[in-house]
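Visitor: Here the protein sequences come in this chain order: A and B. Throughout, the working numbering is defined as the position within the first sequence, counted from one, plus 91. Throughout, the working numbering is defined as the position within the second sequence, counted from one, plus 34.
Bear in mind the hints are in silico, worked out from the structure with no lab data behind them. Incorrect hints may have been included.
Stated by the list, open to error - Among chain A residues calculated to face chain B with C-beta under 8 Å, some are:
hint, residue
1, Phe-318
2, Ala-321
3, Met-395
4, Arg-407
Stated by the list, open to error - A short, non-exhaustive set of chain B residues, derived as facing chain A with CB atoms under 7 Å:
hint, residue
5, Glu-45
6, Asn-47
7, Lys-119
8, Leu-129
Yeah, the Cβ is synthetic: ideal placement off N, Cα and C, and Gly gets one too.
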Amino acid sequence: MAAPRKLILTVVAASLFTLVLVGATAALMLAGEPDASGVGRSAAERIVVLIVLLLLASACCCWVIVRLHDLYAASPLRMAEEVTAALAHSSLRVGDQGAAELRVLAQAVNQLLALREASENDVAERVREARASLEEERSRLAALMADLSQSVVVCNLDGRVLLYNQRARQELAAGADGGHGELLGLGRSIYTVFDRALITHALERLQQASRELGETENRQLLGSAQFVTATPAGRLLRAHMSPVLGGDGPHHAQVGGLSITGFVLVLEDVTSSNERHARRDALIQSLIEGGRGPLGSIRAAAEMLSEVADMPAQQRNRFLRVVHDEAAKLSAQFETAASAFSNDLRERWLLEEMRGAEVLIVAARRIGERRADERRALAVKTENVDEDLWLRVDGYGLFQALRYLAWRLQDEYAVREVRLSLTRSGQLAQLDLSWLGTFMNNETAMGWLQDPMSVAGDSSPLSVTDIVERCNGEIWFQRERVSHRAFFRTMLPIADAPTDLPRAVIAAAEGERPEFYDFDLFSWSAASHELDDRLLSELAFTVFDTETTGLQPTQGDEIIQIGATRIVNRRLLRHECFDQLINPQCRLSPQSIEVHGITPELLVDQPTIDVVLPKFHAFCADTVLVGHNAAFDMRFLQLKEKQTGVRFEQPVLDTLLLSAVLHSNQTTHRLEAIAERLGVSVFGRHTALGDAIVTGEVFLKMLPLLAEMGIRTLRQAREASQKTFHARLRY
Amino acid sequence: MNKKILIADDEQNIVISIEFLLRREGFEVLVAGDGEEALAKVRGERPDLVLLDVMMPKMNGFDVCQALRADPDLAGTRILMLTAKGRDTEVSKGLGLGADGYMTKPFSTKELLAEVRKLLGM
């Protein structure tokens, strides 16, 4: 109904109502007047009727007002509430109620809300997609990094590690004694591994180089710097350093509108190649310089012998003996050199270490492949495979050679099945490609080995012999008349099984990032802030626990195990842990053995506290310590300060006290109880590392709860803990 | 008067040939088997020329050369260094320390003789 019409109707209705009322009153008055006949109502009667009429009229009015209020005042207010609620939850809609006008309004509002929800969903979807692809890229990156044979470490300008791969961990993590001094970790300083000056210098070189490039090419990659350095474990590393560029780095690192926000280090262990080069140099030196002396003597003696005709026999014999002696000396020298350096001299080809069994499997697959000329695929069997053998071969070439021989056998001698075997023969590996039946003569076989390989459109300028020699091996044809078998036998040197096989990538739990990188650290700047005013969420923590011989640190009880793990950017880094048993050099009580299960035999060969504590101190560098009932552990650590020379001055947070801050009405704050309360599953308790991990999980769950209470910075957490501590003391 | 030459080398097998060669050419030849002996013989016998091997026991050729050149009385003694290493750096070190000539093993006896004659001004 149109609004003007409604207004007219309302006015007409109100006028009619008033008219009726007035009319009715007038009629009543007239009807009640005593007429001539004397028939009429008394005044009292009329007043009663009048009052009843008025009451009826006002009741009617009231009903109309209530209806109108409901339609035009209450409904808009209800609607306002609904709209307010819909502000927070975009899935809510405004109800269809009240006057028609209001319903129109509600429909408009609902349309708006629907639009908003759609766009919100759209945004959410895009965010989800973006996150998924980011996550995918990150996993891909992690997989790639894990697979690299070089070590990669990415740092920000402060030298904080943002990313590293498995290989880097293997190469850099080992301490000088090969023990587990975990030097490399997310958020840790790279300067614990590398000399700060070395990296600063390389960075300066990068900046210098890019400045010289000038403004014209300021978007160019800034090049890279190289240096060679030694790890604490004594390995020699060649580091290749490239800058990470960004728009908003510190001013001093600015170069042509871009600034260096960090750097990538690609590390290569050159210890062994350096050793090899050194050995090769030594060989050349020894041959050249060691040869000069004997040659000099031989030449001089020979010249005397040939030029002096009238030499007495005795003198002649002396010269002949010189030639004889020195020639023998020279031969011996060559023999020594040849045997000592033969492997180094031949390794010009890129040979790879492969497990022998794997070589056979791949070779069998290559031979058994369907051929382009649609011939029947050749049957291949492997037999007598020594699973422990490792070979150092040019894999590609070797597979090509074996396939060439097998296919040529099929083509020219109609061989249907070949067999591959790999056995150990003294210091060599014996790889046989054998078949039954048809023989060829030696000359033909020789030809096959010497000809450039060409079979079924697959050709190579190299011969089988070339390939095998490249692998430092020998190949020949042989036959056994009795068994009707013939074979090409290849003898190859056996390689050592590589010790540093890349470990499998540790799959991250769902929703959890792999722990080897954390780019959120790019925005970190450790130097500039007092730890106290830093947000808890951005601090790095070392969560630790100890096992001890007893509960009385002052009465001679000792630490026998320290376990610790790290929290960086609110993630518990389970792979970066410290786990060390310690020889207490005193007796363990049976009661304590019951608690921690560590027997004296386990501790006999372990390092003592004065060796372990400095390592643990290095592990904790630049972090806040977190422990459950940390005061107890700290007491042990502090008592050792004099003996070990390390002081633990880091800020300390105690999950026991924090639990009391959070749940002051709970009676128990044992670690298990807190863990249960916060939904942390407990296993591996009562090993120091197990407890440290549980404590870390608990601590992470506490952070958001503390934030809800307004406890966000380290200072606030410490103050709150202190208050509860005093409160607890009082009880 | 015959020129006097000292051969300082611990390698007997080369000494045999050089000694034979030089005697045959009419020189008076002395032999020393190590650095100290060489130094003593130079001081005692005053040879005109020393054939000095670098690698010798007790005192190497460089040290002997340096000691000889530090003594003004021996300024007239010519020094020809013989070496089995023959690195450029070594040659320049020998000449830097005051040697008059340098020969790398293996050398031809003709060249040696020519060098000896040149150094003795013959």
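Visitor: Hint check: is the beta carbon of Lys-119/B less than 7 Å from a beta carbon of chain A?
Guide: OK, holds: Lys-119/B within 7 Å of chain A, min 5 Å.
Visitor: Grab the minimum C-beta distance from Leu-129/B to chain A and call the hint holds if it beats 7 Å, violated otherwise.
Guide: Hint violated; Leu-129/B Cβ to chain A Cβ min 19 Å, cut 7 Å.
Visitor: If you take the shortest Cβ to Cβ gap from Arg-407/A to chain B, is it below 8 Å?
Guide: violated (11 Å)
Visitor: Would the hint on Met-395/A be counted as holding, given a Cβ-Cβ threshold of 8 Å to chain B?
Guide: holds (5 Å)
Visitor: Hint check: is the beta carbon of Ala-321/A less than 8 Å from a beta carbon of chain B?
Guide: violated (27 Å)
Visitor: For the hint on Asn-47/B, does the least C-beta distance to chain A fall short of 7 Å?
Guide: Because about 4 Å separates Asn-47/B from the closest Cβ in chain A, which is inside the 7 Å limit, the hint holds.
Visitor: Measuring from the C-beta of Phe-318/A to each C-beta in chain B, is the shortest one below 8 Å?
Guide: violated (26 Å)
Visitor: Hint check: is the beta carbon of Glu-45/B less than 7 Å from a beta carbon of chain A?
Guide: This hint holds: Glu-45/B lies near chain A, its Cβ roughly 6 Å from the closest one there, short of 7 Å.
In terms of the numbered hints stated before, the structure departs from hints 1, 2, 4 and 8, listed from lowest to highest.
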